[in-house]
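Those protein sequences? They're chains A and B, same order as listed.
The first sequence finishes on residue 415 if you use numbering that gives the first Met the number 0, and the numbering steps up by one all the way, no holes.
The second sequence finishes on residue 415 if you use numbering that gives the first Met the number 0, and the numbering steps up by one all the way, no holes.
FYI, nobody ran anything at the bench for these hints, they're computed from the structure.
Wrong hints could be hidden among the right ones.
Pairs count within a copy or across copies, as identical chains cannot be separated in the list.
Here are the simulated lysine-lysine pairs, DSS-like style, with alpha carbons at most 30 Å apart [stated by the list, open to error]:
id: 1; residue 1: Lys135; residue 2: Lys14
id: 2; residue 1: Lys386; residue 2: Lys135
id: 3; residue 1: Lys240; residue 2: Lys135
id: 4; residue 1: Lys202; residue 2: Lys14
id: 5; residue 1: Lys17; residue 2: Lys386
id: 6; residue 1: Lys81; residue 2: Lys17
id: 7; residue 1: Lys294; residue 2: Lys81
id: 8; residue 1: Lys135; residue 2: Lys17
id: 9; residue 1: Lys202; residue 2: Lys17
id: 10; residue 1: Lys14; residue 2: Lys386
id: 11; residue 1: Lys294; residue 2: Lys240
id: 12; residue 1: Lys81; residue 2: Lys202
Here is how the chains run, residue by residue.
Protein chains: 2
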Amino acid sequence: MPIFSRLIDTWLQEKILKAIGGAPIRIVLEPGDSIAVPDVAPVATVIIRDRRTLAELCIDPEVGFGDAYADGRIQMEGDLVKFLEAVYESWPNAPAARSWYARLTSKGMDLWQANTLSGSRRNIHRHYDLGNNFYKLWLDAQMLYTCAYFPTPGTTLEEAQTAKMDHVCRKLRLQRGETVVEAGCGWGALSLHMAREYGVSVKAYNISREQILFARERAREEGLTGQVEFIEDDYRNISGKFDVFMSVGMLEHVRADRYPEFGEIIHRSIGDTGRGLLHFIGRSQEASFSRWIRKRIFPGANAPALRRALEIFEPRNYAVLDIENLRLHYAKTLEHWLDRFETSQPQVAAMCGSEFVRAWRLYLAGSIAGFRTGSLQLFQVVFAGSKCHPLWWTRAPLYDDAKPDIEKMQWTHAMS
Amino acid sequence: MPIFSRLIDTWLQEKILKAIGGAPIRIVLEPGDSIAVPDVAPVATVIIRDRRTLAELCIDPEVGFGDAYADGRIQMEGDLVKFLEAVYESWPNAPAARSWYARLTSKGMDLWQANTLSGSRRNIHRHYDLGNNFYKLWLDAQMLYTCAYFPTPGTTLEEAQTAKMDHVCRKLRLQRGETVVEAGCGWGALSLHMAREYGVSVKAYNISREQILFARERAREEGLTGQVEFIEDDYRNISGKFDVFMSVGMLEHVRADRYPEFGEIIHRSIGDTGRGLLHFIGRSQEASFSRWIRKRIFPGANAPALRRALEIFEPRNYAVLDIENLRLHYAKTLEHWLDRFETSQPQVAAMCGSEFVRAWRLYLAGSIAGFRTGSLQLFQVVFAGSKCHPLWWTRAPLYDDAKPDIEKMQWTHAMS
């Protein structure tokens, strides 16, 4: 090997070692040159196919790694989730993690993926309109694509998704005859559950065409079309007055600079007397989703610091009543999804190709690692208008084993 | 009455009507001139003794009203709490509520009451060193001067204060043998409770001399001096490493510009592996305590918007795990205190004079009104360091009727 090429290798290796910041990972450049050998037993070995891939990793580790893993130029020996956990854990030690190139393209991505009305439609279409048959392969039977709630770690995924729906309904003390608006309703499971189990009327918005068609079909099958209206439109076009604002897993698609506008839309819908719940992926500190995730998986996605998310409520004097962090439940939910995804691998590959399989495996595994290590959090925020008089006394009824008798549920009036 | 004097009266009346912003309150200037007669049945009648008082109310409604009520120049017919609720409810409609004079003196107060080390000592001394015998007259037997937790609205105050202590201990999943630092320990009840009931070691800080002496005496009586150390010092001088940071009702004495410093003190005490709880009076939107409260009752006090309080946690990447809003519980706690205070009125008057009685009645009644109407909120925030692995699975154990068996309490490890 000529001396010049060896110098470049050494420089590349140093960049890589800096970027992984001392994580217990072994890195091998084929045909067998070890680049990184940790002092402790490695959690995984990364095999890099060629020098070009190595160079791409140095210029742009996030996108470089994701793309090379997806197309097979990077192979992994060992547990992918454990590998990603090790990277996330050591990330804060990596000073050079974000290159000038990464920063520049991140800004470009922000502009390109701005959630204007048309931008949002394009972003949402790319992820959620991959085909209902694809999602059916690895989601639960009711097709919920948000964090489930596991009363115990051994709860099944189907039970945990139903428990999640009851958890948010109980948190809002839904009462028969009330009106609810749901912003971002996915395949409609929660809207139908609220109508069927709690006797409320629901107007549900979503800009994913595939999901709305599916949801409408389900409403017809269940005979709930009189109680639930599925509307193919943007949350910014919500119209009408409601008792309750519900949004589970949509805030991630609202850019932070639009939070005051989002607060206005909530206020237009429920005024000062209503109440609501936002369920969303957040963080302890401001940070962007990995650029690879934003490029290949979730265009326009954003997980806000909790403090930032409160900018939605503060201008309109909404009171925060309850915040619960369910990040371990999202890790558990994702473990179920990844298991089912791996089982369905042949079908997914036949549908979308093997590069897609590898990309989605990386996305699901990376999300598990994010929630386990705490670089991602899952918040449920219950809030109420400044004139919302019916407030509950304690959170104890959330934890009654018996299904609540909604008609008899006691409300304590703030003014009484 | 000469025409000039009548013109001034009219001008003063208009100012007053603007300040109360349409609240259903009748205002009478002795010997019987009605200034404000609401369209609906008034919740109370305010009788203003003389034209000087009326003028003071116009220049500075907050301090003018408080001082005139305290020295008897303003009398009240009807329910004082209901009157204050009506004022708070209508306050947002009052454009002229804050005069130039009020804004200027508010700034001056901020400077004078700054919580530097010596400023804090002076502020705390003025409120908490009024004498243990005074507080014994109307607090519960264990002398807790913070929001209680009422499992049901009918719970007694003594039970509710014990329930509050168990509620915060359960929220933190205290385990035998752990170390806890308490910042602002009052008369020591919570520190002693944690040591006695949960088997932890506690180092507790307070700069109120009277309270610390009382707390030390109780520790001796209970034989807990080996487990609880009461230190007469500022929270900024906390030293040592702990598993848990606990602070109930002290953040109100920390000015918002000192939150990053407060976060540093927490981090110095529990690092990235510990967990903690802050219990504090907050708000939905930024606002100051009434200037009368800051002048006569609580110098240097501050109730932050929730979003602002999160500035404590964000710089050090602490994860918020649970936030509960207990404002109705504080209204209920204050109702108990006001009842006991009224019963003890002769003793308080003998101790501190009748002007003091009236001032404290106004303070307690105003606080009830604040929590009922939502201009004040009570937050309990549970947080954990970025490397704090033991996290709980759900909040259900908080609501078990049985006292938790701390030794057996299950922890779910984030990394497992």
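Against the structure, the hints come out as follows:
For a Cα distance limit of 30 Å, the shortest separation of Lys135 from Lys14 qualifies neither inside one copy, at 41 Å, nor across copies, at 66 Å. Taking identical chains as interchangeable, the C-alpha atoms of Lys386 and Lys135 are never at most 30 Å apart, the minima being 42 Å within one chain and 36 Å between chains. Taking CA atoms no more than 30 Å apart as the test, Lys240 paired with Lys135 passes in neither setting, with 34 Å inside one copy and 50 Å between copies. When the C-alpha separation of Lys202 and Lys14 is checked against a cutoff of 30 Å, the pair qualifies neither within a copy, at 52 Å, nor between copies, at 46 Å.
Taking the closest pair of Cα atoms, Lys17 and Lys386 come within 30 Å of each other only across two copies (22 Å); inside a single copy the shortest separation is 54 Å, beyond that limit. Taking the shortest alpha-carbon separations for Lys81 and Lys17, only the intra-copy value of 19 Å comes in at or below 30 Å, while the best inter-copy value is 64 Å. With identical chains, the CA atoms of Lys294 and Lys81 are at most 30 Å apart within one copy only, with a shortest distance of 23 Å there and 57 Å across copies. In this homomeric assembly, Lys135 and Lys17 never come within 30 Å of each other (Cα to Cα): the closest approach is 41 Å inside a single copy and 62 Å across copies.
Taking the closest pair of Cα atoms, Lys202 and Lys17 never come within 30 Å of each other, the shortest separation being 51 Å inside a single copy and 41 Å across copies. Only between protomers do Lys14 and Lys386 lie at most 30 Å apart by alpha-carbon distance; the minimum there is 26 Å, versus 57 Å within a single protomer. Proximity of Lys294 to Lys240 under the C-alpha cut-off of 30 Å is found in neither arrangement, the shortest distances being 37 Å within a copy and 44 Å between copies. In this assembly of identical chains, Lys81 and Lys202 lie within 30 Å of each other by CA distance neither inside one copy nor across copies; the values are 42 Å within and 39 Å between.
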